[in-house]
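> Listed here are the chains, written in short residue letters.
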Amino acid sequence: MVFAGIDIGSLSAEAVLLREGNILAYAIMPTGANSRTAAEKVLDAALTKAAVAGEDIIAIVATGYGRVSVPFATRQVTEISCHARGVAHLFPDARTVIDIGGQDSKVIRMAPGGKVLDFAMNDKCAAGTGRFLEVMARALEVDLETLAGLALKARKAAAISSMCTVFAESEVVSLIARGTSREEIAHGLCNAVAERTANLVHRVGLAPPVVMTGGVAKNAGVVRAIENKLGERLLLPPEPQITGALGAALLAQSAVNKR
Amino acid sequence: MAILNLQEALAVKIKDGLKTRVLRSPWTYRLLRGAVRHSHFPLETSRQMALYALQQTERAYTGVAPVVWTSAFFPTEIPHALGLTVFSPEVAAALLASLGLAEECLDTAERFWYDRDLCSFHRCVLGATLKGYFPSPTALLATGHICDSAPKTFEAVGRLTGARTFFLDVPRERTPEAEAYIAAQLRDIARELAAVCRLTWHPERLVHAVEASERFRNAAVAANLARVGDVPWRGSDMLNFVYLLFVGQGDPQAAAVYTDLAREAARQPAREKTRKPRLLWLHLKPYFDPSLLNYLEEERGAAIVFEEMNYVYWPSLAGVSPWRGLARKTLAHHAYHTTTERAAVLVSLARCYRADGVVMFAHQGCRATTGALHLLGRLVQQEGLPFLALQGDCIDRRDYAPEQLRTRLDAFLEMLEDRTVV
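Quick mapping for you: the protein sequence lines, in order, are chains A and B.
Residues -17 to 241 in our numbering are what the first sequence lists, from first letter to last.
Residues 193 to 614 in our numbering are what the second sequence lists, from first letter to last.
Looking at chain B on its own, in the form it has when it is part of the complex (with noise of 0.2 angstroms):
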């Protein structure tokens, strides 16, 4: 089979009036699934990822078992305990920018007063359950410790869906007490959770999701440890791994990717040897345009070495009680805390895989990256490291101006160049 272009071949499926049908239909994953079979992958490991990707959308949209929606960094090992479909909103909002469908979502959303100061994910999320895009939930599990306008944006969710919203509160100390106060909240929404589920709650299966949390864990720094060996794989591919971390913590299935992707970024060469700049690459991309990305890796040649969506920052479960582990998890980000300590892991991050400089694709609307941007800035320039805040948006192309972004990358990539000139 010719290689196929997926994204323009579910975007047409989705807009053909269909919709929601299409996606459904088990005929459409049998076609997908030939399609990412025969389809060219920059990693293999990436068209595995798809096919897991694929396997939990058609879960989700058949009704094989209830879904629950998650936001970004709820530990998802106390649904994947109970055998339930995990759907992560804020991928499937980027895959809809992706496809091209994000658009009407958004307007969607602007039309029921959710303005566009709001994170255009969420506007998205919000536009795509108005229009019923997305599979119907059961319940939602909702953390705003990272990502502040999740709580808010899965209340109004549960509104529109009729979901039972479960909310994790994250206190900012990291502390033992603080550690007890979020394993105790976990234990109570697990119960309630498999009650709103109709299902039982088995302790024993939460030890396995954290098992299989732990091997996907170990895979992951493994797969990093391997690219400090300068593994010449592009940022923009390995941006999209942020996939399985949002959905496939405490799924054996995810622990297996990832323990592929291991073994694969082992067997690559070196990158070569080149005067081009290397960067660390902070935060996400614009889904809606891959030129911008493209252009910075292939036209310019630019190496993104790292990403720190990609950067293992929770300690090893073993040793701890389950609820206790996924506490200490959750309280482990290193962006949560302090704009100190944010910075002191991006300077380790740069001089580990030899970065030249830090650039930051800063969404628009997201009060956790702009609030602690010139903060972040700033230390990470006090390390010798230049740092660029690339303005934009991932989801919404009303705002964009490629060539604007271009002519600051290009200035930023100029800067570096002198410097190495030197």
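Isolated chain A (complex conformation) (with noise of 0.2 angstroms):
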């Protein structure tokens, strides 16, 4: 019996396939302009990797924004129980998932087995998630690889004070005007995101063992900013951004071995 997740994030899209609780294949794709159609595509693609047919699928769980848009699932649950139900799965002792995505950030604290204790998520913009890097990096002109590394390279960091997306890629521009080097506002921007994921931890409060998910967790210098801000290890999942779709996928099982 096969299962699918299926994470629709605002970024990218992502699907697990799962056989009695082991991962068969996923897949990762930009989500694009359409939901559906990335939904569609990106469930093809780990269908073709694991070379199963679309009708060994027993039940599908959608997740992310864009988890309306998935007219094929069997059922919609938020990224909120499936990422806790993800991450317990792979880390059965983790307390407290961060997940940053390419446009929202949620801190998750949990019970055993992946029950949802309490939660909080940015609110009103997309400060300190994956997009924000991404504008970052196109300001220092390079990519999210090497802006990780310039940051772990630099011995000290500069000075972001805006978490503003528009102001704070004007304040890189003044800082790179000014000759500060890149190392450096790298590692501010890191310490900017981890500022804020640090001030989300606190409001559901910090219990280790603590994961990381999400694209943003693929970013060296984010982590070790986060660490350094919470003072604790973060573990890491192989693949930080299937996450979801993962307990997405175990969750389609539960629902279907209940019955």
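No lab work stands behind these hints, which were simulated from the structure alone.
There may be inaccurate statements among the hints.
Straight-line Cα separation of at most 25 angstroms, BS3-like style, residue types lysine-lysine; simulated pairs [claimed, not checked]:
1. B/K344 - A/K97
2. B/K323 - A/K240
3. A/K200 - A/K138
Taking CB as the label site, the calculated pair distances span [unchecked claim]:
4. A/P190 - B/K344: 44 to 50 angstroms
5. A/D26 - B/P482: 37 to 43 angstroms
6. A/N16 - B/T530: 48 to 54 angstroms
Glycine is no exception: its CB is placed at the ideal position from the N, C-alpha and C atoms.
Take the two lone chains and join them into the complex the hints point to.
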């Protein structure tokens, strides 16, 4: 029996196929303008990788902001519940999840088994998310991977006072003009994201072990900055981006098993 | 007559260029009364409240009696004792938002340096005043003990309109001295208000207004008690009764509407048994978009079993002098003193109405709400009640992200459902 989880985020779409609790295959691709098309394509990509036919899927859970645009899903579940479930599967002892995606960041405090106890999400704007880092990397004329590398090399951090993406970009441009090194700016940007994330963590209460998921978990500069800010080591899944889709697939499996 | 969308009809009337001329025309109210009588309302008492609101609005715009604007939580028994027309600009701002007319008022206010950090209810009030949408006040009555930006807003409105502004200063302590201090202020305000409106103050009329207020209170308590029996009303509809709480205390007609609400509540069958979460709702709602609460209560099937705004926080006014009673009532608000006290009230309400969780619609710009948010949430959670702060705005749709709010609501409901299953 194959179960599928599809996570349609603002920037990327992920699909995970599961058989007996084991990942058969997964796929990641940009969401683009049409969530429904992205869901179909990413599921097809995962099915192709697994060499499984669509008819073999018993149940599909859709998650992420585009979850309502997946008409072929058996059920829609929020990314909060899915990330908690996915993390509990990978790290059964985990008590806190930090997920930073393209346009939102969230912190989940959970009980054993992935039961959500409390959560907090960024509000009103996309400051401190993947999109923020993308814009800043563009201002520094580097890609995201290089931005992380630069941050790790820095001995000190430039102060980035604004978290508004537009104002922070102009701040970065000013720092470049003043001759501040790109390493210091990159470090400052990672610290700014870490600062905002730490505030969210403290809203729900820090409970170790802490797992970080989402695309930004691949940015070593941000991960280190958050670790420094929290004084806590972050556990990272092998592929942080698919945790939501994995949780969705697990929820699809549990729903069928409960029947 | 087919069901008429009242909100759309009124919005079109106001937008069609006639603006306040429409609001001053008796024909508008005749038309709207007809529409109200033939429209569908979720509760029969909602229809009566709409008719009462139309009557009050007509009085305000057609100059039957001098108009006083009152800020939320000012004791309206005093203007009612003088036979004045009570106009709540905050309620009017909510109406403008529901009609899709708030944005132009907000834009106008912002052009005059009323910044977006200021509560949007008050920005909208200032914008609507600048645009001349609201009825001209003879006097303004403001208190800032719950809503701290009201006195500044009313002061600015006083400057703009030339109306005399009265401020009530409410001490923090709930002591006999504090009661005496407020009672003395209310007595002075009443006397001066009568002079400003060229009326004579008759003490016995205050006694009658306080009696009406007491009937209002008793009916509100009865309606709330009936709801403990799980009346299947939607919280989004019940939040509209805040209008009566803000303008009707001291008015026999408003007391009669609330009495009918209590009777209607007593006649209702209990809500169907369901495993869907039951919520205690704090503060208000986004007036410009009913879809959020429709989604919660209709699509998701969650039940708002009680609203903090409808809680009768004040004691009976019987057995004390009218002035002392009004002072005691002003001091009694559970959100004014400590967050600990407010949390204790919320926990007892949640237990009484068997709520699974507590949701606060945290209105941006409301210091009283957001300042207490963290502590309030923690205190409620310590009692085993999950708490969600839904950060949004009641009036200003420009920062509104409905999908973001829905995700938070959905996640909260999933969390509650998960707890219920176990």
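> If you test the structure against every hint from before, which numbers come out violated?
Those not satisfied are hints 1 and 2.
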